[in-house]
Amino acid sequence: MSTANGLEHGARAVTPGWRVAPWPRRASHVVARNLVVYRRAWPVLVTGFAEPVFYLLGIGLGLGGLVGRLAFAGHELTYARFVAPGMLASAAMNGAILDSTYNLFFKLKVEKTYEAVLATPLSVPDVALGELGWAVMRGAAYSAAFLAVAAAMGLVGSAWALMCVPAATLVSFAFGAVGMLATSFMRSWQDLDSVTLALVPLFLFSGTFYPVGVYPSWLATIVGWTPLYQGVVLERGLQTGFVSLALVPRAAYLAALGALALGLATRRLRSFLAS
Amino acid sequence: MIRRPLWVRAFGSWTFRYARTWRGSLATGFALPVLYLAAIGVGLGGLVDRHVTGGGPSSISGIGYLSFVAPGLLAGSAMQIATSEATFPVMAALKWERRYDAMLATPLRVCDVLAGHLGYIAMRSGATSAAFLLVATAFGAVHSPEAALALPVGILVGLAFATPLAAYAATQQNAVGFNVVNRLVVVPLFLFSGSFFPITRLPGALRLVAQFTPLYHGVALARAATLGRLAAPSTAGHLAYLVALVACASVVAGRTYRHRLAP
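Line order of the protein sequences matches chains A and B.
Okay, so the first sequence: first residue is 1 according to our numbering, each after it adds one.
Okay, so the second sequence: first residue is 276 according to our numbering, each after it adds one.
One chain only, chain B, in its complex shape (with noise of 0.2 Å):
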């Protein structure tokens, strides 16, 4: 008999308690793609398509505004729900239910328990991507077969914000700093990360930290995957990236989580 890994275990835990509430992200989940696709993608495109290049169909990147914009968006969709899976659910399992606890109490080992954690949030990010890339083909935002690996870039950026700030919320007494985190680094991330403009447009300071940061590194995966460019040399480098950054991540959440846990 073939013994599952123990952390698939953990996975498990979390999976058993989404199994009773899904379909109320289900209504989210598709609703939120549907709004922002509709307003920022054709009403706002609408006007920026007219703007650029009065009406043609290649205003940014040779291509309509509502088809850059949606890769974007849902590389940004995939970095909120991880950011949200990987803060108060982790202080929540740490202390309020002590979730992580309990499961130590078995034979899981610290890294099960984070290996299980994270394994949920990706696959919580890879259902979000999921359903804004099924939106998005609706809504004609997509280009090309290649389209289906932004799921696997969704995935990937999931962990390249879970895995940091799971590391992070193991260090901390209360959830006070993670609504800060939440409006000094996601939001200015969602906004200056080329999901809704290209980075060019910044000032060339603020363009070369722009470029530092892991969701601009998941936007341009998502938009050349969309948009069938996944061929490009840049592809490498922007895949490289976010897979060392979770990796590093990785290694730093393991050592939070058995100072917290296993002291």
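Isolated chain A, as found in the complex (with noise of 0.2 Å):
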């Protein structure tokens, strides 16, 4: 890290004082800086509402009507009924984990954003802070937009429903985690694919779509243990509100793999950008 002149050196002096300091300060930055960076690219910021509309409308309405009703929790849900939760839960992982895979790709290769970014008091862990609390405000906003949506077309069953946008956050915060993770394994922009690779399957079979329980009982295991199911099964607990004490691991699932994820990322970032 430079200390290219006397104010900086000045503030590098206080190091053991900002290490005690809280971080989400210095994160918010990050989001700050992103924010001033979208002011100019809103339309991509805004139009990331319209997507998992669109797919409501589509495959919950569109092709709902030839899917007829589907069990859940002991009751027939409407096809569109079934499928609103699993949208909203893929919206909170495409939000996040785009931003923390290409957008993140981009600004450690492509833009350096960080080598300006670190010559500030900030520090890596600030940085993958500031970094995934930006995914996952986008992530909250497009699920409380969505929520609000599926609510209007009355597909919401209870009040739970409300903490369908903390529940969406945790499926954000746990695929940012994980794809700012992977990012920092990637060499290329041709190692990227490997994102799609990674998301289509988990949008297609986690539950999203139908029931698990139309594949043979491997496959259902195996779907059982991915992490896009467990925000799925809860999204469709908490929007349908049949809720019971079975979703709380699964939101500590969740919570875990991002805590984990993003540890590991930090450490990752910071053997390269902090050298």
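List of simulated lysine-lysine pairs, DSSO-like, C-alpha gap at most 27 Å: (1) B:K370 x A:K109; (2) A:K107 x B:K370; (3) A:K112 x B:K370.
Since the hints were made in silico from the structure, they are not lab data.
Put the two chains together into one complex; each comes in its own frame, and the hints tell you how they fit.
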């Protein structure tokens, strides 16, 4: 890290002090930077709301009439009601992971954003937390908008649905952190193809479109352990109002996955950013 | 000695780079059709077939859902590859890497540059459609030798999107609009153009809109091919629409390219 002028040098000199200070305030500068950048590209932010809504209309209503009712937690749901929470969880996953893979890779390898950021009092953990915070906020905002649309369409079963947004935030946190960790291993844009190859099967097979009961049992077991499945079950329970304690371990799974991946990603980023 | 037309050299510039990276696209090219056909065609299709006919083989337009959705997804993926190739890479060639400028420093003319790039995108659309067709055949979703004609249909669908989008991309100064076009045009077309369900299920006004979209005609043609129903009189109409669209968009693209590259 460079200490180009006296002012920065002074800031560096108090290193032990800002280790103790709380991270989130410095991490918030990373979020603020992203907001400034997107001021010129606001249509990209705003239209992110549209995609899950189009899927809800096309798959939930358009195709829904051909699928009929599906069973969930011992109740029969219309297909639109069944599929809406799946779209919500996928939107939370996609919103966060695209930010923490493609955008992060661009900043790391092309734009070299963090070389500038790290020349300020911000440290690598601040950068990791700030970028993840931004991705999670984006995921949460899209989830809230989607939930409003689903509620307006009469697809929400109870007041538990308000908890869908915090649950989506957990999904965004877990996938954003895993995406960040994966990106720290990427060497070229071609490597980022693996993100699509990982996201598409999760999106298609995690009980998003139909119950995993239609799979052979070995496949259902594998799907049961994947992270998006936890998010889908969590969202479906909350949105329909068929809530049980069994949802708690699913939330814990996502929180633990996110925390673990964030810790590892911070270590990886530190190893090649702060040298 | 016969000289190759100039646009073939521009085409070669794109294939030269692709020759070094095609292995990666092979994995996605085959994996995505397998995943989509397994999840939507077989998984969701099983529920559709059970619901619509109580498990019989003739759920939608007299066929199982897998056979219904496979050509729809084929046309949809040709659209998607053409969209991504005719937006960001065009901006890269115009501005970020200036490949078009490099081409124009040779005897190539603007129309050669445009035709070469569109030719390359047509090739990619065809390759994607070919992979999809092979996978669909393995899934048993193909019912006629006419299905081979789904390949040129995929190329035509690719051009029907690549040509107007390249024309649009040449008017842009940055890539912000591309994400917006993708989310507000390409995604809705993918979902509402008859790929996943017959457009007769749409409310009246939307059905009319859907009938004017290029993907609807592409899906109809691809479906007629894989089911062996190309002889129907509607085939000529779908074909005429797509060819006319490509022709008009080529004229517009020629203008926007000339305006941008040789003002």
